[in-house]
Each structure stands twice: as C-alpha cells, then as structure tokens.
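Starting from the structure of chain G, add chain H where the hints point.
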Amino acid sequence: MSANDAGEQHITAVSGTGVPIPGDDVDTDQILPAKFMKEVTFDNMADYLFYDARRDDDGAFNDHPLNRFEGASIAVVNSNFGCGSSREHAPQAMMRWGIDGVVGESYAEIFRDNCKSLGIPAVTTDHATVVDLQEWIETNPDGEVDIDVEAETVTYGGETIDVDVDDAMREALVDGIWDTTALMYSNRSKVDATVDGLPYVEGDD
Amino acid sequence: MSRGTLYDKVWDRHKVTELPNGQDQLFVGLHLVHEVTSPQAFGMLRERDLDVAYPDRTFATTDHIAPTEPEKRERPLADDQAEEMLSALERNTSESGITFFGFESGKQGITHVVAPELGLSQPGMTVACGDSHTATHGAFGSIGVGIGTSQIRDVLATGCIAADKQKVRRINVEGELGEGVYAKDVIMKIIQELGVDGGVGHVYEYGGPAIEALDMEGRLAVCNMSIEGGARAGYINPDETTYEYLRGREYVPAGDAFEERKAYWESVASDADAEYDDVVTVDADGIDPLVTWGINPGQVIEVSEPVPHPDEFEARTDREAAERALDHMEIEAGQSMLGYDVDVAFLGTCTNGRLSDFEEAATVLEGETVADDVRALAVPGSETVRQRCEDRGIDEVFINAGFQWRRAGCSMCLAMNDDALEGDEVCASSSNRNFVGRQGSKDGRTVLMNPAMVAAAAVEGAVADAREYLDDGPTDGVGGVEEVAD
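Protein sequences, first through last, are from chains G and H. FYI, the numbering for the first sequence is 1 to 205, going by the working numbering. FYI, the numbering for the second sequence is 1 to 486, going by the working numbering.
Do not take every clue at face value.
List of simulated lysine-lysine pairs, BS3-like, C-alpha gap at most 25 Å [unchecked claim]:
| # | chain 1 | residue 1 | chain 2 | residue 2 |
| --- | --- | --- | --- | --- |
| 1 | H | 9 | H | 165 |
| 2 | H | 165 | H | 15 |
| 3 | H | 442 | G | 35 |
| 4 | G | 190 | H | 15 |
| 5 | G | 190 | H | 72 |
| 6 | H | 167 | H | 15 |
| 7 | H | 442 | G | 38 |
| 8 | G | 35 | H | 72 |
| 9 | H | 15 | H | 262 |
| 10 | H | 167 | H | 9 |
| 11 | H | 9 | H | 262 |
| 12 | G | 190 | H | 9 |
| 13 | H | 72 | G | 38 |
None of these hints come from the bench; they were simulated from the model.
Next comes chain G alone, as it looks inside the complex (with noise of 0.2 Å):
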C-alpha cells in the first residue's frame, strides 16, 4: 500500500502567456457555479470555467478575458481572490482550462491552500504592480509570465519583479511535497500517540 502515487513533483518555476481576472473580492461561485458542481469527478470542470462570465445573455461567448486569452498559463487577479465556498473545482476548473501559476493581490485562505494542493504556485505582490502585470498583458497578449517560485519573482517584457510566496507554499512545491496525504501518512504513529491524548476519541482507534 502506497499512500503516495502522485510520485514527487518539483514545481520551482512556471511560464507561460498570461490572463487577467480583474476584480476584488471575485469568489468561487462566479469562477465555478454550483450548477456545474454536480459531477462525481473534476474531469469536465475546465467547460464550467466563468460559465456565467463568459457568456451572453444569448449564450455566445463575450469579451472576458478567458475567452480572448486562449491558451493562457498565468493568471493574474486583485484581492481576495476566491472568496466565498470552499470548493476546488474552482481551481481544479483554472488548472483544467490551462492555468498553471497565479499572480494576485491577495486570495482566500481555503482558495488559496486548494492550489497548493494542486500544484499551483499563488504568488501575491501590491495592487500597482498587479494593475500594471494585468495592462501589460493586456497590450501583450503572446508575452511570457514567467514565475520563478524559488527565487519568489516574476519576470515579464524584460522586468523581473520580486514577489511573495507563502512559506508552507514554497516549501511545498520546490521540494516536491506538496502531497500531503502521503507525508501525514508516514505519522500514523504520532497521530495515534495525539489520539490518545484526545478524552472525546474512544479507545478503539
């Protein structure tokens, strides 16, 4: 029995062109509504990406970024971003679509612990410099974002600009143990000594 099939991973750097989600406060509900949350795997969610952004009321596809940054690797979004439910088929949904690194004023904590679960470097840096990433991306489109996770920066058009990266996040993914099922595994005993010590668990665990 093996805990860990996902084998190790180092994520020290992601690339790619870039699309800007702009908005504060941009919660899940609007990157992967409810209605499409009704499957029993994630294997569709990149359909579901902004369904309701991206579309008219007469169902053709609008001007949202998604729709004119096709086969793009970086998002980059204001604060607070994926707020509200908890659900990873909001990021299983970006990462599915193509994302596969974040740039970002700030973002909920549960959004947030999602993507490093995934895999998913979520760098934040100021609102200037977001504002500033997102026009850049704007008036160049085919441009390369890169995110260099290890040395906490983001280069693009020529400019390397210092980021930050959460520790546990870092940790995570340039070491390659962003698993966590496989690592906490390894501890059954210490999780058995910390059960013990619990009055509410009964002894049979």
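Leaving out everything else, chain H in the frame of chain G:
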C-alpha cells in the same frame, strides 16, 4: 502570537507534528462529509488503495443536491446527476463503515445543522468538512474549518489536515439586542465593520455581552458566517449555555461520563489572561435589523440606513465594487431598502434553518398572508428541525400563510437542486451569500436578512421591517416593540 486562547489550546491538543513544509499536522476529531465535495476524494483514495483511517470519527449526510419537495425524494431521483452523487455517497460510506444519515434515517439535513443537533459537535474538537461554512461548529468552542477535496482525501486517509496556525482576533460585541434583532444581524454588523476580507489570516473569537446572551442556535448563526468575513474559523468559548444544550443529545455521553467530558470542555476555554493578536470591539447596542444592498455580504446596512453612494467608500476598489453592486441590484444610492420589491422569500440554510429561526418567522406570519406575487419557501435545515416544527404546529403557520413547507436541504442557498431563482428575481433570503449567480440565476438578486425579516418581506412583497409585526417578541424580558426608525 496568541497565547492561552481556546484556539491555542485546541491546536496544541490536536497537533501531531510539524511537517517538513513548515505546516502543522493536525488531527481532525470530527470529519463531516456530504455528496458534492467527497466523491472525488473517495476516488483518490481508491486510486492509492487506501482505507478511511477513522470511520468512527466521520459522519455523512446529503444536503446540497437533496430535493426538498417530498415527492421528488423517491429513488432513483429524477435528476440523474443528483442520483449519481447520492448513490456514490451511499456506496462510499457503506464500504468505509461511515455512518450516513440518509433520507430514510429521519436525521438527514444540512451537515452544519445535523452535527450540532445530534451532539456530534462538541467543545475542544477540531472539525473539518468540505464546505466553507464549517466554522459553524465553532459555536461550541471547537475549531471548524472548511477544506477542499484534496484535503478531504487527506482527512479520509490520515485523519489529519496540514494547516498553518492563524492569528487570533478577539471580537467583543458590546450592548444588548433590541426586540426583533437577532444573531444574524450581529454577524452582518461585524462583517459590515470588518469587511469581507478582514478575517483573512485570522480566526475570530466572538465574545462580549451580546454574544454571551445568545442561545446556541444564535451562536451557530454567528459562527456560520465567519467565512463571509474572510475568517476560515470562528468560535465562541463554551459556557453553561453550551453544556446545557449538549446534555442529553444522542452523541453526548450521559451521567458521570458527561461530567468527565465537561471537565475537558471547560479546560479548553480561553484563559482570563489570554493574549490575542488583535482585539476589536463592535457595538451592537440598539442596532436595527440588517439587510444587504449589494453582491457581497459586506455590502450591508441597517434597514433604517440609505443605500450608500460609491463615493462614500475610501478605497477605489470598494467604489468600483459598489458601482457593480448598484448596477446588478438595479438600485440607486441614497434609496432605502425598505420597499425594495421581492419575488421570492427563502427561509432555511445552515445559517438560519433551525427551530428558533422558524419560530421567529412564525411570530411574524401568524395571521398574515404571503403577498400574491411572492413565491415563499420554508426549508428546514434538517429533518429533525422539520419534525420539531411540525410537533409544535409551526408548519401550519407557514402553510396557512402561503409558504411551501419543504423537506431538509441546502435548497435555494446555492440552487443545486430544483429550487432556484429565475431571471432577475429578487430573493429575500435567510442564507449567507448574495454573490451574483449564487441562487441559480446569473441575473438573480439576493437580499440577505434574518428569518423574521424574510417572513415580513414575504407578506409585503417587499423588504420590510419585521419589528412592525411583533406584538411581543420571541425572547423574554427585552420589553415591548421598539420605536421603528424609517
């Protein structure tokens, strides 16, 4: 760094070890599972040939996709996708030895309603669920966190989550609530003051006289909406109100064992000299009921206040958000929310789907009739709540007024079943989120409010001040009807 708080104590009791990535491995004492976020996690377990580590600490029910019309609960469900999710949950729980509260059990309902009423949620526990409203269980003095599906896999396989310890913000809620003002109004006031992302990086400890005076159901409503303020967890220190609520519940030990367990519960409460990372005070004295006017739970006003003008907000991003909100809600700055047309009234959810919520709404509805053009849904948070309402004849009050009396589920909070807004309908809702599209229609409009306000909105067909319907309120000793400010 905080010290001596309930959060610190519970964290320390459940910490297994520090992981190489710097996070702590925490044991999860209660894992709640539902049909929408778990099937993928069980699938991941099967791929790795792993078993559920602590089936006795894991409990499941079905809520998100549950049909609420009695005739639609016949199996197989008419909705193929819903049937597949429900069947998968039945199979996964039965194969793993996890207790499942299905339709036939009489205990089915929303996870965050079911676990408290069965006595599963207790002080000093860590609680995790693939649902962001898991902070609800903090009402007992536990640490409840919402988790994603990969983390559900972690908990199923190891009984643990990898977590970063947060800062602790103490929120002292001062004052006394007037007649017709409830816990829901308190938490909306807190979010109004601290913002929808004010709690990011923090756990909220709610305290002070206005919190201590709440009964357990009120405390559950407050902690429930912690995530709407950006705090992944929120809790209230356990006290006699907590212990008396728990006494006699199905999963709570009785007799001497109760006293032993209580000693543990008492031991985890924050010390009198506990240190917090941050302390704030919110004055709830004499507040009016609150209603949202926008598209996030922080865009909220006391019902007597005018809808704010975007220029009133300092930050450019708040101004832009206000403009988007006014546009979506089709409302003008300076207008009152009183009189805002309502098409649908929805009472229920993990925030306000408990017995006292239906009692409060029934007080308003007694002898009244739902407006002709309003569709009104009463959806108990659990089958236990439904039964208790029916035992008291509360269902009759709703039915006589013109409400549809439904079975338990999440229903129109997020519209994963057949209960959804259509077009740009406006919903007076006792739920927790007014995000665009949340209630099933991208043009739908949600106005969050307390249960009594939902009932008043149903009767008037417009947002109204429910206090005008209260002869003498559902709580004792508060006095008569307050002067209503218009």
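Against the structure, the hints come out as follows:
no. : hint          : verdict
1   : H:9 to H:165  : holds, 12 Å
2   : H:165 to H:15 : holds, 10 Å
3   : H:442 to G:35 : holds, 11 Å
4   : G:190 to H:15 : holds, 10 Å
5   : G:190 to H:72 : violated, 47 Å
6   : H:167 to H:15 : holds, 16 Å
7   : H:442 to G:38 : holds, 18 Å
8   : G:35 to H:72  : holds, 18 Å
9   : H:15 to H:262 : holds, 21 Å
10  : H:167 to H:9  : holds, 14 Å
11  : H:9 to H:262  : holds, 16 Å
12  : G:190 to H:9  : holds, 19 Å
13  : H:72 to G:38  : holds, 17 Å
Checked against the numbered hints given earlier, the structure breaks only hint 5 and satisfies all the rest.
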